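Listed here are the chains, written in short residue letters.
Number of protein chains: 2
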Amino acid sequence: MKNLVLASSGSVHGSGYLEYLLPTVDKLYKDVEEILFIPYAQPSGISYDDYTDAVQEAVSTLGIEVKGIHEFKDAKTAIKNAKGIFVGGGNTFLLVSKLYEFDLWDLLKEVIVQGTPYLGTSAGSNITGLTMHTTNDMPIVLPPSFNTLGIVPFNFNAHFIPADTNSTHRGETRETRIKEFQSIVSIPVLGIKEGSWLRVKGDDIFLRGGKEAYWFENKEIKIIDTNTNIKA
Amino acid sequence: MKNLVLASSGSVHGSGYLEYLLPTVDKLYKDVEEILFIPYAQPSGISYDDYTDAVQEAVSTLGIEVKGIHEFKDAKTAIKNAKGIFVGGGNTFLLVSKLYEFDLWDLLKEVIVQGTPYLGTSAGSNITGLTMHTTNDMPIVLPPSFNTLGIVPFNFNAHFIPADTNSTHRGETRETRIKEFQSIVSIPVLGIKEGSWLRVKGDDIFLRGGKEAYWFENKEIKIIDTNTNIKA
Numbered sequence: 001m002k003n004l005v006l007a008s009s010g011s012v013h014g015s016g017y018l019e020y021l022l023p024t025v026d027k028l029y030k031d032v033e034e035i036l037f038i039p040y041a042q043p044s045g046i047s048y049d050d051y052t053d054a055v056q057e058a059v060s061t062l063g064i065e066v067k068g069i070h071e072f073k074d075a076k077t078a079i080k081n082a083k084g085i086f087v088g089g090g091n092t093f094l095l096v097s098k099l100y101e102f103d104l105w106d107l108l109k110e111v112i113v114q115g116t117p118y119l120g121t122s123a124g125s126n127i128t129g130l131t132m133h134t135t136n137d138m139p140i141v142l143p144p145s146f147n148t149l150g151i152v153p154f155n156f157n158a159h160f161i162p163a164d165t166n167s168t169h170r171g172e173t174r175e176t177r178i179k180e181f182q183s184i185v186s187i188p189v190l191g192i193k194e195g196s197w198l199r200v201k202g203d204d205i206f207l208r209g210g211k212e213a214y215w216f217e218n219k220e221i222k223i224i225d226t227n228t229n230i231k232a
Numbered sequence: 001m002k003n004l005v006l007a008s009s010g011s012v013h014g015s016g017y018l019e020y021l022l023p024t025v026d027k028l029y030k031d032v033e034e035i036l037f038i039p040y041a042q043p044s045g046i047s048y049d050d051y052t053d054a055v056q057e058a059v060s061t062l063g064i065e066v067k068g069i070h071e072f073k074d075a076k077t078a079i080k081n082a083k084g085i086f087v088g089g090g091n092t093f094l095l096v097s098k099l100y101e102f103d104l105w106d107l108l109k110e111v112i113v114q115g116t117p118y119l120g121t122s123a124g125s126n127i128t129g130l131t132m133h134t135t136n137d138m139p140i141v142l143p144p145s146f147n148t149l150g151i152v153p154f155n156f157n158a159h160f161i162p163a164d165t166n167s168t169h170r171g172e173t174r175e176t177r178i179k180e181f182q183s184i185v186s187i188p189v190l191g192i193k194e195g196s197w198l199r200v201k202g203d204d205i206f207l208r209g210g211k212e213a214y215w216f217e218n219k220e221i222k223i224i225d226t227n228t229n230i231k232a
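If you read the sequences in order, they're chains D and Y.
First residue of the first sequence: 1, per the numbering used here; consecutive thereafter.
First residue of the second sequence: 1, per the numbering used here; consecutive thereafter.
Any given hint could be a false lead.
Dumping the calculated DSSO-like pairs for lysine-lysine here, alpha-carbon to alpha-carbon at most 27 Å [claimed, not checked]:
1. D:K30 with D:K201
2. D:K179 with D:K219
3. Y:K222 with Y:K179
4. Y:K98 with D:K179
5. D:K2 with D:K67
6. Y:K179 with D:K98
7. D:K219 with Y:K98
8. Y:K109 with Y:K80
9. Y:K98 with Y:K109
10. Y:K219 with D:K98
11. Y:K231 with Y:K30
12. Y:K222 with Y:K2
Stretches of chain Y that chain D covers, calculated by requiring three or more beta carbons in the stretch to come under 8 Å of a beta carbon on chain D [stated by the list, open to error]:
13. 6-18
14. 132-140
15. 199-211
Here chain D is said to cover these stretches of chain Y; the calculated rule only asks that three of the stretch's residues, wherever they fall, bring their Cβ under 8 Å from a Cβ of chain D [said to hold, decoys possible]:
16. 108-120
17. 176-182
To be clear, the hints were calculated from the coordinates, so they are not data collected in a lab.
A quick note: this is a predicted structure, and the numbers were derived from the prediction, not measured.
Don't be surprised by glycine CBs; every beta carbon is placed ideally from N, CA and C.
The shape of chain D in the complex, shown without the other chains (with noise of 0.2 Å):
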């Protein structure tokens, strides 16, 4: 059975990074003793190593100890013999990119469809979505294809902030680029605000973290009060 928690953001303003989502955390992980993170999306450019060590030490508290998935020789084992896994942040086209050029999307999809808990913010988020063509990040590498994990039936666009009405700046809104790739392709996108998730349980979505989110589909936007299930 499905067992995620995606979340908008690693961390909100005023605390730690993941600190907001540590209860989550400790419930999706419950009876797990070692995670496997996978760095890709590398926020800010940072190592590898550092950003295994920085999830390392937002979890440590749990008890957890946390394996970058670049520590394995193989990574498909890796993804395999994991007890959970956590895909953080950073670009959503660096962190494709890799999936791709390792070939873990199946496997990443299977182990996840039999229930391995999965942990996702952000980038790590958008790619247990349709596809990533709704990302806010900036296109810094050239991913084989925009195709992603599909677990859950619609696009995320992740750190949602509704159009600032008082607003000077003449750039588009995130309703207008949404719009713009709805004029495309009809996949319904998820505007998640930060300190928002989604807890999957099988088939089962709920939305967490006390915000409503926006759902885009058809030309139209709906809001989605806290708590509700997704898929209903």
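Since the structure of chain D is already known, use the hints to place chain Y on it.
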């Protein structure tokens, strides 16, 4: 001799489409009675016809006729014969994909280098850089390559805004994104604010519009004053 105006944005707060640029456009297109408009970036998914009409309306006081490239039987002949070219803003991924689809890159570069007056706004400026890796746009389609015209020896970040140090938002700032890019590819990046443009004449590249710009290279950010020749 190269003769271009490369603007950060098609409009600025409080004035109509292209309005702030009209005196500059008038000089760029002096002696030109008809320009070729390339609407492929389709902001908000607007149709090619509607986008072309909007440009025609914006420049009508200059006595310039605007023809959309989609109105011609053969896009290459249209570019070859154009007395002036304007590539409008919108989605850079879409624009770049179409230019690859119709195989227009080499010809576009050729006529620009030979001196056809070229106006670019936002996405239309981005494509005159070395690559489109530093666009802010959403990757709504996957182009076969991120390589662009290389008319100027750097990349653009249009609609540039320095980080808001009071922000509680945890999504990446422009600086972070550009540094992530430069941790992979060592191409200099010019962050150019709305209301600014580059005036390219031969090898000279003057910053105009009364605002400073931001030069990213070798992990450093240099502030460039208005009216500086960037070539220097």
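Status of each hint after checking the structure:
Of the supplied pair hints, the one linking D:K30 and D:K201 holds, its CA atoms being roughly 15 Å apart against a limit of 27 Å. Distance check on the hinted pair: D:K179 and D:K219 sit about 7 Å apart at the alpha-carbon level, within 27 Å; holds. Pair hint Y:K222 plus Y:K179 holds up; C-alpha atoms about 13 Å apart against a cutoff of 27 Å. In summary, the hint linking Y:K98 to D:K179 is supported, as the alpha carbons are separated by about 19 Å, within the 27 Å threshold.
Taken as a hint, the D:K2 and D:K67 pair is honoured in the structure, with Cα atoms around 22 Å apart against an allowance of 27 Å. At most 27 Å may separate the alpha-carbon atoms for a hinted pair to count; Y:K179 and D:K98 meet this at roughly 19 Å. For the hint linking D:K219 to Y:K98, the alpha-carbon distance of about 24 Å falls within 27 Å, and the restraint holds. Between Y:K109 and Y:K80, the direct Cα distance comes to roughly 11 Å. Compliance with the 27 Å bound is thereby established for this hinted pair.
Of the supplied pair hints, the one linking Y:K98 and Y:K109 holds, its CA atoms being roughly 15 Å apart against a limit of 27 Å. For the hint linking Y:K219 to D:K98, the alpha-carbon distance of about 24 Å falls within 27 Å, and the restraint holds. A distance of roughly 25 Å separates the Cα atoms of Y:K231 and Y:K30; the hinted pair therefore holds under the 27 Å criterion. The suggested pairing of Y:K222 with Y:K2 holds, with an alpha-carbon distance near 26 Å, which does not exceed 27 Å.
Only when three residues or more bring their CB closer than 8 Å to a CB of chain D does the claim for the segment 6-18 of chain Y stand; here the count is 6, and the claim holds. For a cut-off of 8 Å, the count of residues in the segment 132-140 of chain Y with a CB near a CB of chain D stands at 9, and the three-residue condition holds. Counting residues of the segment 199-211 of chain Y whose beta carbon lies closer than 8 Å to any beta carbon of chain D gives 0, which falls short of the minimum of three for the stated coverage. Coverage of a stretch by a chain is defined here by at least three residues with a beta carbon nearer than 8 Å to that chain's beta carbons; for the segment 108-120 of chain Y and chain D the count is 0, and the condition is violated.
By the rule of at least three residues with a Cβ nearer than 8 Å to a Cβ of chain D, the coverage given for the segment 176-182 of chain Y holds, with 6 such residues.
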